[in-house]
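Top to bottom, those sequences are chains A, B and C.
If you count the first sequence from 1, position 73 lands on 73 in our numbering, and the numbers rise without skipping.
Position in the second sequence (from 1) plus 165 gives the number in our numbering.
Position in the third sequence (from 1) plus 507 gives the number in our numbering.
One should not assume that every hint holds.
[Stated by the list, open to error] If you want the footprint, here are the derived chain C segments under chain A, 3+ residues with CB under 8 Å: (1) 532 to 544; (2) 556 to 570; (3) 732 to 745; (4) 803 to 809; (5) 851 to 861.
[Said to hold, decoys possible] Ranges of calculated distance between the beta carbons of each label pair, as one might list FRET restraints: (6) C:725 with A:128: 50 to 58 Å; (7) C:592 with A:125: 34 to 42 Å; (8) C:717 with B:488: 40 to 48 Å; (9) C:585 with A:163: 45 to 53 Å; (10) B:221 with A:163: 54 to 62 Å.
Since the hints were made in silico from the structure, they are not lab data.
No residue lacks a Cβ here, since even glycine has one placed at the ideal position from N, Cα and C.
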Amino acid sequence: MNSERIVEEVKNVLGGLAREIAWRKGYLEVLVEATNIIEAAGKLKSMGLDHVKSVTAVDYPKESKIRVTYHASSYSREDLMGFIVGLSVDLPRDNPEMPSLVSVWDGSVEFQEREVYEFFGVTFKGHPDLRPLLLIRELAEKRVLRKDFVVKEESIYEGVPFKYD
Amino acid sequence: MILDPILYLIAYPPLWQVLILGFLGSLAVAMVAIWFERKAAARVQRRIGPYWASPALGGFLNIIADMVRYVLQQLIIPGTVDRLTFYVAPIAAFIVSILPVIFIPLSSRPEFWPVASMDYSLLIALALSTLPPLLIIAAGWSSNNKFAVIGSMRESYVITAYELVAVVSILSASAATLTFNLVHIVDAQQPFKWLIILNPIAFLAAVLAVLMSTSAFPFEIPESEHEVVAGPYTEYSGALYAFNMGGAYVRRFVYALIIALVFLGGWAPYVPGPGPITGYVIPSIIVVLKALIIVLFISFLRAVYGRYRLDQALGAAWRLAIPLAIVGFGWSLLLAYIGVFH
Amino acid sequence: MTSGGLEAGGQIPGFIVKKIEKEVYEIFIGPQHPGSGHMRIIVRLDGDIIVEADPDIGYVHRTMEKLSEVREWLKPIPLLERMTIIDACNVTLPYVNALEKLMDKKPSTRASYLRVLLCEINRVASHLYGMGIFGVFIGHSTMYMWAFGDREVFLELAEALTGARLTHTYPIPGGVRRDMPQELPGMARRAVRYMRRRLEEYRKIFVDNPVIVKRLSGVGVISKSRAVELGIVGPNLRASGVKYDVRIAEPYEVYGELDFEIPVFEEGDALARTWVRVEEIKQSLNIIEQAVNWLETHKGEPVIAKEDFDKLPKLHKEVYEREGRVKFVPAHATMKIPAGKAVARGEMGRGEIFYYVESDGGITPYRVRVVTPSARNAIVFKHVVPGHTLMDLPAIYGSIDYFPPESDR
C-alpha cells in the first residue's frame, strides 16, 4: 500500500470527522475535534489500526493549546504495518480535558494516558485508573513537560565565590 | 578423684557424639559442602569462585572468614518481632537438627555407640529429623514480616510433600532387614549387599525427600529469593541467620548419614575390630565419606537446575515420589520374603 | 498507635492507612527486593494466587524528554542512550533517523552498514543480558553467569568498533563517528562462531532443561488478540504469533538489503518468549556476518554523508584519513534543524522504540517524545500477571525482559 492509498482510506473511513489530513515526516496527521475523538478512533481501529505506539502531547503556549496525538499503527494488517497515523486533537491549555480512548485502544494507551496526565495535566474522562505513573504527586502537579516549567541548569561552579586572587 | 566425673562427662558417649561428630563434624561437613557448592558451581559457570583468601587451599579459608563475619556482624532485631520466639527458634532448630546424631551408630562395636541400646535407633533418628521444620515455621511467623510468613507457609506445604516420602522410603530398609536397629541394618548389608543396589527405587525416593526437606535445588522454594527475599529468614541477620542457614546444611548432613547407613552400607565392607582406631575412627570415616558424597551431589544440583514452582514441587512429590517410596517399600517386602538378608 | 486510632482514620506519619479486602494479602515487591529491579509491583494475593498486580514504576525516571528540550540537537544522543545502556546504538538510532528526516539527509551506505553492525551486536548483547537476568529470576544461576560471560564477547566487539563498551554514542546525523578498525571482521567472525556453539549449550542447560520447561510452559500466556490489544512489542509480541518487526515493517538503514528472518512462535507463553530470543540471536549473528562481509569488500566511502564530508576543513579530513575518526567542526554542535515534525521508529532488542521529534527551527528540539519497548510492555504486569501464582511473577517478569531504566526514561 502506498501513501496516497492510505490517505484515501483514512478519508473514506473518517468521512467528515477529519478537520485536516496532512503528511508529516514519518506519519499521517489527522486532526479531529475533541468531541468526536472516540468515534474517530473507533473508525480508525475498525480500519485495522489496532494499537497505539505513543500518546504524544505537545504544549504550544503561544497558541494557548495542547495537542495530543495518538500515533496508531497496525499489527494485524500487513499493508498498514509500515505506516503510522497520528490522530490529533487540540485542547485548550487552561483546562485540557478529553475523553479517554482506553475504551477503544485498551491497554496500549492506558499507561501512556496516565503519563500525559501527569506531565501535561490533561484529564482523560472515563480512564479507569487516572493517577500519576512515573512522578510523585507533588511533582506531577507542576505539569513538568509544559513549556512554562523551565529547567534551571546548575553550573558546576554554583555557589563557588567568583574570585581570582 | 575430682577429675573423674569431669572426664566421665567429657567422654560420655552421647555428649561426645553430639559435640564432636554432631557439632564440629557437621560444621566441618557444612563448610566443605558450602565450599564445594561454590567451587563446583563456579567451575560449571566458568568462574573461579573463592580464591584469594587462600589460593593454595582453593579459597577454603574464605568460608571460615564468612563464618567469622556472620558471628561478628551486628545483630539487627526489628522492633515488630515476637522476641522470644525470634531468638529461640533458629537456635532450637539448629540444636534439634543435630539431635538425631545421638541415635546414629558409627561402628558395630557397642562400646562406641553413643547410647547403650540401638534397638529403635532408625525410628528415633527419623522422628527427631522431622522436628526442625516446625521451628523454622515458628521463626518465620515470629518475624512479623509478610515475606517471612509466605515463606513459612511454603515450608509447611513442602513438609506435607516430603515427610511421608522420607519416612516410607527410609523405613523400607527396616522392611527388608526386619529390624529398626541401624547396626543390624548395616551388618545385614555386609559386605556388598547394599540397599542402593538391591532397592534403588527407595534410595531415589529418599534422595528426593532430602532435596525437598533441606530446600536444595530444584526445590529451593521456601527461601526463593526472587519472590519472598529469604523466606522465613528474611528478618534475620548475623549469627542468627548463620544458625538458620547452617541448620539446613546440618539437616542435609544428618539425612545423608542416615542414608549412608541405610542404603550405602554404612561402614561396610569394613568390619570394625577392637580398639578405638579400627573400632571407631576408620568406620566413622567411611560413613562420613559416604554421607559427604550425597551432600556434595545435592550441592552440585544448584548449578544444573532452576527451581520448581510450589504446586509443581507438591505435584512431583505426590504423583512421583510417594508412589516411588511405596513401590520401594513393596520391593523391600519382596526382598524380605525372598530372604536376601537372612 | 492503637488499632482504635487507625479505624477512626488516624494516621501514622509516613504511612498510608487504607482498608484492604478481607482475605487479601498485599505485598510490596520492590524497590528494595531481589526480584524487582528498580520498580515496585504491588501484588494482592488470595492464598497463593495473585488477584491484582499494580506496577508502580518511575523510580529511575530521569526526565529525558524534558532535558532533551534544553540540549542542543546532538547532545540528547548521549543522554538518551542512558535509558538502555546495554542497547545503546538501537536506542539512539531512531532519534538520529528522525533528525535526518527533518534535515533531509541520507547517511552514506557505509555508515548505514556500520550502524546495522553495531545494532546487531547490541541486540545479541541485550538478549544475553535479558536471558541472564531471566535465568537468575527462576533460580538458574548457571544461565546467568554464562549469559553475562558471553555478553562480554559482544561488548568487546562493540568496544573495538566504537571505543566504548556500553555508551557508544556512535550514530550521528548523516553517519557514524568512526570507521571500522582493520581487525574487526576477524574478531566478529570469531565471536559469531563462538556464539553459535554456545547457543547449543544454552539449549541443553536452560531452554531444554526439564525443570525450566515445566516452570515456563503455559505461564504468562498472552494470546495473539490480547497481545495486539495491549500493544506489547518485540520478542513478547512475536512469541504470541504476530509477525511484526520494524526491520521488516518499515525497513530503516540497510535492513531491506539484508537476508534474515523474523522468528515467530504461536504459544505466547514464557517459554516461547525465551525461544524467540534464542532464535533472534541466531538471526543477528547472520546479519553481523553479512554486514562485516559487505564492509570488508566496500572500502573507501566516507562514514558520514558526502556533503558533510566535503565541507570539512583540511585538518579534519587529515584526522579522518589517519585515524578513521570523524572530527567535527564546532558549528556542528549548535546546528539548526528546519522546523517540522518527524516520527522514527526502530527495533531494539526488547522491541520497538518510537521517537517523535518536533523542531521549531531552533538550536534545541522543541519536543522529543520517546516511547521505549519496556514502557509499552509494562502493561503486561497489570493485565497478564493476575491469575498466576506468586512464584510465576519472576518467570513472567523475566520472560518479558522488562528493564525499568528503559521504561522510566
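To see whether the hints hold, each was checked on the structure:
1. 532 to 544: violated (count 0)
2. 556 to 570: holds (count 4)
3. 732 to 745: With 6 residues closer than 8 Å to chain A, the stretch 732 to 745 of chain C meets the three-residue bar; holds.
4. 803 to 809: Not satisfied, violated; 0 residues make the cut.
5. 851 to 861: holds (count 4)
6. C:725 with A:128: 50 to 58 Å: violated (28 Å)
7. C:592 with A:125: 34 to 42 Å: holds (39 Å)
8. C:717 with B:488: 40 to 48 Å: For residue 717 (chain C) and residue 488 (chain B) the Cβ distance comes to about 19 Å; the hint is violated.
9. C:585 with A:163: 45 to 53 Å: violated (33 Å)
10. B:221 with A:163: 54 to 62 Å: holds (60 Å)
Hint check: violations occur at hints 1, 4, 6, 8 and 9; the rest are consistent with the structure.
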